[in-house]
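Number of protein chains: 2
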Amino acid sequence: MNQVDIRAIGKVVSPLASRSDAPRQSDEGAPAAWLVFEPAIAEGLRSLKPGDRIILITWLDRANRETLTVHPRGDLARPPEGVFSTRSADRPNPIGLHEVTIEAVEGNRVRVRHLEAIDGTPILDVKSVLTVDIAQR
Amino acid sequence: MNQVDIRAIGKVVSPLASRSDAPRQSDEGAPAAWLVFEPAIAEGLRSLKPGDRIILITWLDRANRETLTVHPRGDLARPPEGVFSTRSADRPNPIGLHEVTIEAVEGNRVRVRHLEAIDGTPILDVKSVLTVDIAQR
Chain A
6 MNQVDIRAIG
16 KVVSPLASRS
26 DAPRQSDEGA
36 PAAWLVFEPA
46 IAEGLRSLKP
56 GDRIILITWL
66 DRANRETLTV
76 HPRGDLARPP
86 EGVFSTRSAD
96 RPNPIGLHEV
106 TIEAVEGNRV
116 RVRHLEAIDG
126 TPILDVKSVL
136 TVDIAQR
Chain B
6 MNQVDIRAIG
16 KVVSPLASRS
26 DAPRQSDEGA
36 PAAWLVFEPA
46 IAEGLRSLKP
56 GDRIILITWL
66 DRANRETLTV
76 HPRGDLARPP
86 EGVFSTRSAD
96 RPNPIGLHEV
106 TIEAVEGNRV
116 RVRHLEAIDG
126 TPILDVKSVL
136 TVDIAQR
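Going down the list, the sequences are from chains A and B. Using my numbering, the letters of the first sequence correspond one by one to residues 6 to 142. Using my numbering, the letters of the second sequence correspond one by one to residues 6 to 142.
A couple of the hints might just be wrong.
[Said to hold, decoys possible] Ranges between beta-carbon positions, derived for each pair:
no.	chain 1	residue 1	chain 2	residue 2	range
1	B	D10	A	G34	25 to 35 Å
2	B	P44	A	G112	42 to 52 Å
3	A	G34	B	A82	38 to 48 Å
4	A	G79	B	V134	17 to 27 Å
5	A	G56	B	P55	35 to 45 Å
6	B	E71	A	I60	18 to 28 Å
7	B	V41	A	R67	24 to 34 Å
Hint data in this document are derived by calculation from the structure and do not stem from the laboratory. Since the structure is predicted, the reported quantities are computational estimates derived from the model, not experimental observations. We put the CB at the ideal spot given by N, CA and C, even for glycine.
Starting from the given sequences, assemble the full structure and let the hints guide the process.
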C-alpha cells in the first residue's frame, strides 16, 4: 500500500485520559477540549470564530489497526460486520470525524464543546460544516 | 510536526482525469466511479451493499499543501479566508470527505454514484453514514 505523507497539525488537550473514559457518543456528556495547533499553520485558523460548526479530523492513535471486523455495538451475540460499514475506531487507518461547535479562539488554540477524542489525539484537518463543497476541486 | 503512519487502502478509478474536469459540487453531474481496494483489507468491506450511504475519505494528492488562505468560491473580489473555515482541497493535509451511495459491490471493488474525486485518488478510509458513533471508543 502507498505511504501518504501526512503530519499532525495540532493535538487535542482534553480531560479524557483513555478510551475507557470516553463517552460512547459525543452528545453523551463528552467534555469541552482545547485544540492546540502548530504555529506554522496558524494563519489557516484566522476565520474561525465562536459558534462555528466544524468537522474536526483526527488520528485515533490508540486504535487497533489490525481490526477488519467488529461486533455491532460491541454485542458479541451479533455477527461481526466489516469495519467499513461501521464507525468503529478500530480499522486500518483510524481517522476520526468529529462535528463540534467552537466555544472560543485564542491565537492558535481553539476550544470546542462535547469532544469525545482523548487527550493527546493528533489533529489532521479542520473543515467548515456549512460551506458547500464549491471550492473542493 | 509529527509524522502519521498512514497508507492508502485503495484508489479511485474514475473518468475524471484532472481537477479542471471535476464538477464544483458532487451533485452537479459528477460521474460514477469504482473504488478499488487492496486485497489485504477486503474482509473489512464484506458488509457493504448497494444502496448504502458511506463517507469515503480520500487523500487529495494533487492539492497545494502550502495554501493557508483562499478567496471564498475562488472570487478574488472577496477577502481571503483561513482554509480551515472552508472546504477548499488546498490545505496542509488535503483530506477529502465524500458522502456517496453504493451502486454495486464486486469483490474488492465498490461502485459509487456522483463522486467528484479524480482518477487515481488514494482512498484512506470508508465509514457508515447512518451508524451512530456508539462503537467509536
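Next on the checklist: Flag every earlier hint the structure violates by its number, smallest first.
Outcome noted: Those not satisfied: there are none.
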